[in-house]
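Asks: Assemble the complex: chain R is given as a structure, and chains V, P and B must be docked to it using the hints.
Protein chains: 4
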Amino acid sequence: MIKAGIIGATGYTGAELVRLLELHPEIETIFLDSRSYEGIRFSDIYPNLRGKVHDTCQSINVDSVPEDTDIIFSALPHRISQSKVLPLIEKGFRVIDFSADFRLREAKIYEHWYETKHLDDRTLEKAVYGLPEWYTASIAKAGLVANPGCFPTSILLPLLPLLKENLIKNKDIIIDSKTGVSGAGRSSSEVNIFSQVNENIKAYNIGKHRHTPEIEQELSLAAGSSVNILFTPHLIPVDRGILSTIVMSAEGITRKDIEACYEAYYGKKSFIRILKEGYLPETKAVKGSNFCDIGFVIDSRSGKLVVVSAIDNLLKGSSSQAVQNMNVMFGLEETAGLNAAPIWP
Amino acid sequence: MIKAGIIGATGYTGAELVRLLELHPEIETIFLDSRSYEGIRFSDIYPNLRGKVHDTCQSINVDSVPEDTDIIFSALPHRISQSKVLPLIEKGFRVIDFSADFRLREAKIYEHWYETKHLDDRTLEKAVYGLPEWYTASIAKAGLVANPGCFPTSILLPLLPLLKENLIKNKDIIIDSKTGVSGAGRSSSEVNIFSQVNENIKAYNIGKHRHTPEIEQELSLAAGSSVNILFTPHLIPVDRGILSTIVMSAEGITRKDIEACYEAYYGKKSFIRILKEGYLPETKAVKGSNFCDIGFVIDSRSGKLVVVSAIDNLLKGSSSQAVQNMNVMFGLEETAGLNAAPIWP
Amino acid sequence: MIKAGIIGATGYTGAELVRLLELHPEIETIFLDSRSYEGIRFSDIYPNLRGKVHDTCQSINVDSVPEDTDIIFSALPHRISQSKVLPLIEKGFRVIDFSADFRLREAKIYEHWYETKHLDDRTLEKAVYGLPEWYTASIAKAGLVANPGCFPTSILLPLLPLLKENLIKNKDIIIDSKTGVSGAGRSSSEVNIFSQVNENIKAYNIGKHRHTPEIEQELSLAAGSSVNILFTPHLIPVDRGILSTIVMSAEGITRKDIEACYEAYYGKKSFIRILKEGYLPETKAVKGSNFCDIGFVIDSRSGKLVVVSAIDNLLKGSSSQAVQNMNVMFGLEETAGLNAAPIWP
Amino acid sequence: MIKAGIIGATGYTGAELVRLLELHPEIETIFLDSRSYEGIRFSDIYPNLRGKVHDTCQSINVDSVPEDTDIIFSALPHRISQSKVLPLIEKGFRVIDFSADFRLREAKIYEHWYETKHLDDRTLEKAVYGLPEWYTASIAKAGLVANPGCFPTSILLPLLPLLKENLIKNKDIIIDSKTGVSGAGRSSSEVNIFSQVNENIKAYNIGKHRHTPEIEQELSLAAGSSVNILFTPHLIPVDRGILSTIVMSAEGITRKDIEACYEAYYGKKSFIRILKEGYLPETKAVKGSNFCDIGFVIDSRSGKLVVVSAIDNLLKGSSSQAVQNMNVMFGLEETAGLNAAPIWP
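Protein chains in written order, with the UniProt record's numbering: chain R, 1 to 345; chain V, 1 to 345; chain P, 1 to 345; chain B, 1 to 345.
FYI, nobody ran anything at the bench for these hints, they're computed from the structure.
Errors might be hidden in some of the hints.
[Stated by the list, open to error] DSS-like, lysine-lysine: derived pairs with alpha carbons at most 30 Å apart: (1) Lys269/B to Lys52/R; (2) Lys169/R to Lys171/V; (3) Lys3/R to Lys268/B; (4) Lys169/R to Lys208/R; (5) Lys208/P to Lys169/B; (6) Lys269/R to Lys141/R; (7) Lys164/V to Lys108/V; (8) Lys256/B to Lys171/P; (9) Lys171/V to Lys108/V; (10) Lys169/R to Lys208/V; (11) Lys268/P to Lys52/V; (12) Lys276/B to Lys52/R; (13) Lys208/R to Lys171/V; (14) Lys108/P to Lys169/P; (15) Lys169/B to Lys276/B; (16) Lys171/V to Lys256/R; (17) Lys276/R to Lys171/R; (18) Lys268/R to Lys256/R; (19) Lys268/R to Lys3/B; (20) Lys141/P to Lys164/P; (21) Lys3/P to Lys268/V.
It should be emphasised that the depicted structure is a prediction, and the values quoted were computed from it without experimental measurement.
Chain R on its own, in the form it takes in the complex (with noise of 0.2 Å):
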């Protein structure tokens, strides 16, 4: 059994982490951290867990890591995670990090993004995007993953081929996400009441969403050039799930020409349903799984391809994402633990 630990196990990816962990064939959890929680048990924050899950949460540091732990995830908000994280990499821990402290190549780019320092850039350069469909081979050996964000996930997965490919353009990509609560964390704050999101729908941070240089990165290296997107997120009263509407030039190709891309990117993956024709995908069909499902439309009369994609924000946005890294980084199936089909409704 791989034995696994977990760094900020009680906010809603690290609990959903330990759901999944759970039920995970080939894994043993040996230990989940919580400050706050200290010395509380872990089923008595998430009742979902009862009689599933019997640990009680420490408050770990790098000295009192378990020497024989194979892997640690990080759960932690950026900024604290890097913290936890660097001494654990120094001691020689294969890491998977969920935030965004190791996703971005330049530590520049970061600090000017997220406004605080980067402890140790020479780590970035050693990190691995944790996107498996895309770079297995050095998941497979990293030694720290860093986890996508929630929106890049959505947005990458069916845009990646498309400019890898040549078939659009590296500009005027105009992208809409609406996301569920959830992606707000379990912390309280005025932005995620019950009574000020409920029977409501608001764009936020226009342009400015601190997901869309992990964006542009990762679609400027598949398109070999710098590309340049317009990201607007809209929060959306449901629990769970992320809707990407991605619009972009459709000048020059067909839905064959698409077809055949996905066709060839993802049609031996696990986790991409292509969407056929006539169909387009919706968060309620993939919420509680690791799957992305992918759909489109090309509008003749504007001249514009329209693509549209469907996650769950916490699990192929966040934590089954991390345990399909897992399952990479340690060989094993890749859809290990990751069996569970959505349910609806």
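Replies: Frame of chain R, contents of chains V, P and B only:
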């Protein structure tokens, strides 16, 4: 007192109209027509109106409409509406029609998008498009007002001044709209079952929504040239509200330009609220009212202008806009009966 | 015009009061007090009121209250409210208090349930319990009105006539109430985070909710003997609304008895709607209004009477009830400013 | 591998069963019957199952059922189900029926409450009521299992041990249940339109719900005397979940008594979680699982015992309970295929 009658009163827009007219100081509602609910008390269908509305539904036809009726609202679906409205106009009644039957100036375009014959295309010339912020003078003397669609209202109000003043170009306008479920009406179908749409986000009818030609017609008139849009509607699990996120090139324009433009067109309008810098519309802030909130951001990184608008789809998107039209038609205060502020939360 | 001021205006009940007073034909609001939002425009906190309410929050104390203020509403939480309200009463201002601080006639009971000292128990004798359907005469001349709790309002209105007329017994009254999340207010805590309460149904504070003694006090006064209840509140993922399902023995009573009793007490009341046989209250039918809907069933199989009531917790359960109280205090029409019908859907 | 077929597979409970059987390590699903969707891919109806379930719906009758079918599930509505199930039993197939057609031991009671004839009342004697925590032995050898109703499951599991052990009396049991909307199924009617039930709380069918006789039958069997209840169901705007709040006299019992009773009956059961003091069930904690959570409070003020239970209405209230029954019937681990923990949030 002005005497009003409603044909097709028992759908959501009809019922909202009944509620608004009951509040209106200058209106007496003299009949509520419904074929399917004939003989049923209106407040047995809409329990919110118990003690407020005492009428019973009648099945009315052109011959049984009281001669002293001053204004007739038709809240019937397209196709059925024209067959009822045409004889009423013939007889000289003034009519506000909620359907799409008289919105498009060309019968051909109507017939293409709605896949049905128009029964009398000569009426299309006489019908006035009922966007009261734009067509006040014509509405005032109109015999037939075509009340705008909900999506078009949310899109035209922010875009018309910008096109009219040539601040933006007539192409590459990308519109991503989100609507609450009441837009699908009160008749039951799998599309509006709670369990199918709750906890779900999805796009539908990409590039094919029937409101497209209506939007393009009015934008083109304002621009003085043919405007072509991409319109993607989404379904969101809230009762009410439309949020439209509209992206276009920001080339050559500044925040000040747009603020000045909106101030010139809407500074004195009662129902348009232009938000100051740093604020963005949200549907909850307009729910239950005739307001249209508009905010915008210029993203210098991508060179795009993002305009966001919010309306209540059943009110400014339908029934209260109809009352506003009626106020204009009868020389009343434009705000008469429409003073209620939205409730929060 | 009557001059009104609001202390603690920025919570949900305060904001609803601001909205209602703006609509009220005989009221001028002269100050909106808030410590935490001093200097902030009220409509920047509550965007629904943009263009409607132009005031900026001030931090007011007893010495800065304008002398010509006719009525002061305190929408502060219990304990803090009495410390602000007592000096105002001392100075001769008429006050309507939204908190629990003046609802209970015995300081001991207050101190037991609210676990805090009462600062001046002599005021408890003078305070009038502000249920306008029951205490009209005393409210009319009151200097201090204790506005009822939301659950108590939904429970007292249906039960008081039945107990007053001895139609039901004073024991084995089982009350199961369900409330929307706005009852938890606008301050953020894990209790009202969207993701914790959405898609969830739960009971809380069984037998321990602080509204219990207030309910029992008023029921006992009506019955002329001590009434003891079991009260179980539940949290439901809606913005607004309380539905109370109240079960008691139906021994010796018929549907006619209850109908006659309600007709006698409420037949002429503007805001109580007694539903006819075959209909039951639902919260959506009262949302946004001052109505209390009451319906009932006698189940002969079990020998029980089930009475169901519905109110909007922020309105008849708080702010609009306060306006109704003010109307009574100043000899206005009881319905002044409260005419809006609920919206549907 | 055990060969299973499903009749009436396209409703919500049918679809959940399809999902569960796909996950089950020992089951092979050999047919999915549907009259209305014949020839349609199942995953085109339930997009959550894309890539997981590849079957196409067939219209199956008694003669076309493959002879080597080991178990047939009927997820048809009552009345229709018996007409399909009776010939299958006749032919010797083992059947688990989801409808009410075989739950009541007396045809008369069935006919009274369901207002339809029973086609073969001799089967009622042979049918086993499929509450696996109570009838394990009979289920193991049953030819026909009547899968319990959703409300009954949530009510029987907490009450049966208390009645069996005479801890509580057989009268004055007041049950207030709240259900999510998926209980109304997937066929569209005004009852389950989003806009009618969202942001709404209501009671329905007070004292008349068809699950009443089923609850009383099983409670009476446990008590050894006739038990009569008052059952009030409520509709709550969530996808899934039933919370039942059950009130009865606490005379002569202590917390310890009840804890000991539950420990004796359920201490070793996999799917019943008894909550410790200070904790209460919530539907979100069981959603997506086969768990039934039970908590309770003794309120000494009123002398009442309040027991609260939570289940997922489509799972423990239907489809996963059916799988649990099947596991018992075929001597498999009771938990086979049912290991998934609920997701949160």
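Asks: Which hints from the list above does the structure break, by number from lowest to highest?
Replies: none
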